[in-house]
Amino acid sequence: MSSMLDDPMILRQIIMDHYQYPHNHQLTEEAGYHQVHMASESCIDDITVQSKINPNGSIEDVRFDGVACTISTSSTSIMTELLKGKSIAEAKAIIADYFAMIEEQNYDPELLQEAIAFKNVSKQANRIKCATIGWKAMQEMIEEWEKNQ
Amino acid sequence: MLHHHTMQSHPLVYLDNAATTFKPQCVIDAVVRYYTDQTANVHRGDYEISYQVSEAYEKTREDVARFIHAQPKEIVFTAGASASLNLVAYGYGRKYLKAGDVILSTEAEHASNILPWFKVAEETGAKIEYIPLTEDGQLTLDNFRQAMHENVKIVAVADITNVLGYIAPIEEMTRIAHESGAIVVCDGAQSVPHTPTDVQAWGVDFLAFSAHKMCGPTGIGVLYGKYELLQKTDPFMLGGGSNARFDMCGNILLKDAPYKFEAGTPNIEGVLGLQQAVRYLESIGMEQIQAYEHELKAYAIEKLKKLDHLILYNPTSPTGIIAFNVKDVFAQDAAGYLNSQGIAVRSGNHCAKILLNVLKTSETIRASLYFYNTKEDVDRFVQACSEITLENCVGLFF
Numbered sequence: 001m002s003s004m005l006d007d008p009m010i011l012r013q014i015i016m017d018h019y020q021y022p023h024n025h026q027l028t029e030e031a032g033y034h035q036v037h038m039a040s041e042s043c044i045d046d047i048t049v050q051s052k053i054n055p056n057g058s059i060e061d062v063r064f065d066g067v068a069c070t071i072s073t074s075s076t077s078i079m080t081e082l083l084k085g086k087s088i089a090e091a092k093a094i095i096a097d098y099f100a101m102i103e104e105q106n107y108d109p110e111l112l113q114e115a116i117a118f119k120n121v122s123k124q125a126n127r128i129k130c131a132t133i134g135w136k137a138m139q140e141m142i143e144e145w146e147k148n149q
Numbered sequence: 001m002l003h004h005h006t007m008q009s010h011p012l013v014y015l016d017n018a019a020t021t022f023k024p025q026c027v028i029d030a031v032v033r034y035y036t037d038q039t040a041n042v043h044r045g046d047y048e049i050s051y052q053v054s055e056a057y058e059k060t061r062e063d064v065a066r067f068i069h070a071q072p073k074e075i076v077f078t079a080g081a082s083a084s085l086n087l088v089a090y091g092y093g094r095k096y097l098k099a100g101d102v103i104l105s106t107e108a109e110h111a112s113n114i115l116p117w118f119k120v121a122e123e124t125g126a127k128i129e130y131i132p133l134t135e136d137g138q139l140t141l142d143n144f145r146q147a148m149h150e151n152v153k154i155v156a157v158a159d160i161t162n163v164l165g166y167i168a169p170i171e172e173m174t175r176i177a178h179e180s181g182a183i184v185v186c187d188g189a190q191s192v193p194h195t196p197t198d199v200q201a202w203g204v205d206f207l208a209f210s211a212h213k214m215c216g217p218t219g220i221g222v223l224y225g226k227y228e229l230l231q232k233t234d235p236f237m238l239g240g241g242s243n244a245r246f247d248m249c250g251n252i253l254l255k256d257a258p259y260k261f262e263a264g265t266p267n268i269e270g271v272l273g274l275q276q277a278v279r280y281l282e283s284i285g286m287e288q289i290q291a292y293e294h295e296l297k298a299y300a301i302e303k304l305k306k307l308d309h310l311i312l313y314n315p316t317s318p319t320g321i322i323a324f325n326v327k328d329v330f331a332q333d334a335a336g337y338l339n340s341q342g343i344a345v346r347s348g349n350h351c352a353k354i355l356l357n358v359l360k361t362s363e364t365i366r367a368s369l370y371f372y373n374t375k376e377d378v379d380r381f382v383q384a385c386s387e388i389t390l391e392n393c394v395g396l397f398f
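Residue numbers (the numbering used here), protein chains in the order written: chain X, 1 to 149; chain P, 1 to 398.
Read the hints as simulated data drawn from the structure, not as lab findings. Among the hints, erroneous ones may be present.
Here are the simulated lysine-lysine pairs, DSBU-like style, with alpha carbons at most 30 Å apart [what the hints assert, rightly or not]:
id : chain 1 : residue 1 : chain 2 : residue 2
1  : X       : LYS129    : P       : LYS303
2  : P       : LYS327    : X       : LYS123
3  : P       : LYS153    : P       : LYS127
4  : P       : LYS327    : X       : LYS119
5  : P       : LYS95     : P       : LYS153
6  : P       : LYS153    : P       : LYS232
7  : P       : LYS226    : P       : LYS73
8  : X       : LYS86     : X       : LYS119
9  : P       : LYS98     : P       : LYS73
10 : P       : LYS303    : P       : LYS360
11 : P       : LYS327    : P       : LYS305
12 : X       : LYS129    : P       : LYS226
Please read these numbers as outputs of a predicted model, since none were measured by experiment.
Whenever a hint applies, use it, and build me the whole structure from the sequences.
Quick look at the structure:
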């Protein structure tokens, strides 16, 4: 797995696939979901992320929708896949690891799986916001959940 | 002006001139000279350098007045076009508009010429109405005539729109507005830097523009107003320099326009930089600038038209703004690719309403030209556009 994820062509394809066919890309009206609307950070991206976190602290579902660029859309799509089914503690570790990678700090690629496709995003520094917009929305919902415990 | 700049290891092609412009050395020198040789406040010192700075400050009012065919006393220095438009909205609109009055605008307005009016409408009970635009986003005289009625008290429009770059028939519109007693507030942010401006011929009542979009410093701009209207307008701020006298009972005698609007120590270096910018543009000639930009845009459109994967939204608008998209590529991704090639453009929903209703897309890429851009700049821009694909946009990250 990890050697395959060193191939830039494969990483590029991961981003393109998640942009063209984003996962968990539909909002729901169902009860039990919280949502965060991210529209003020940049002038274009406008996405909403929803999550359902069970009382025992397991993340049952994560979904999103909106108008956004390749990097925002694909990074959020990958985030939803990665965090679905995880515990709050696991999710926090993955999110922290992802932000460490984006900020060019030490990180554990095993935790991030497909999300390592964004390891070079800081080369285009003005796109860091795009790569983190959906992740920040999820982080907010986790913090909110913890506050309410 | 651009020769020593690089971006992403390429020589810079700067095509975001609708956002801000580069500065000629004479502007930079004027700003620096104020701090190195001329530091003194205006309008108050009894000593030589203060007198000299005050003279240069007031001379700028004359230069700006000449540039737009106004009188010096009709020139108010502000922080920029947004500050100028807010001053009119709050100082004039809020004072005179009543419930039921109408502010007439368009769906193509920049936020700075519509958001202050939203607020004033909310406070006064006035209503905002919109002049319908043509299918390609133009403001026509016919549509304006139909939208005018006797309750319209203020017409707030841009002479040149910031998204599509069409020129409004401002002179005829002003005549029609005046016939029914409305005043015209013109946003000149995209027109004064690029085309000749004649407030007397146009007849507009207020005109706002920014120095930094016309080779001047940031943080300085102009509000032109007909003198009797400026006299009727309340200042936004009060303070030193705006009053002639006041007493302990709270009686204030304000100075006459334009001084009543310039409370506090003004942006002196900005004014002196603006003076050099105005003289610099005059030395080139605004007719020449307009003609050159029109020609350069036509040159660009001719080449861009041959690229099948582009959608051009305003090929016929006669100014230097090119609004486009790349099929199946999000605007910000395409702008990101252009950045990687050293080309500065802006992506965004510059004005969501017009883009949704007229252009049927929520975002575009805008390339905007100025007189210092060259055909070589356009060639590099076109070449980079020809390379924009989803693969190449994502490929930037590897």
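(message) For a quick check of understanding: which of the numbered hints are violated here, in increasing order?
(response) Checked against the structure, the hints that fail are numbers 1, 12, while the rest are satisfied.
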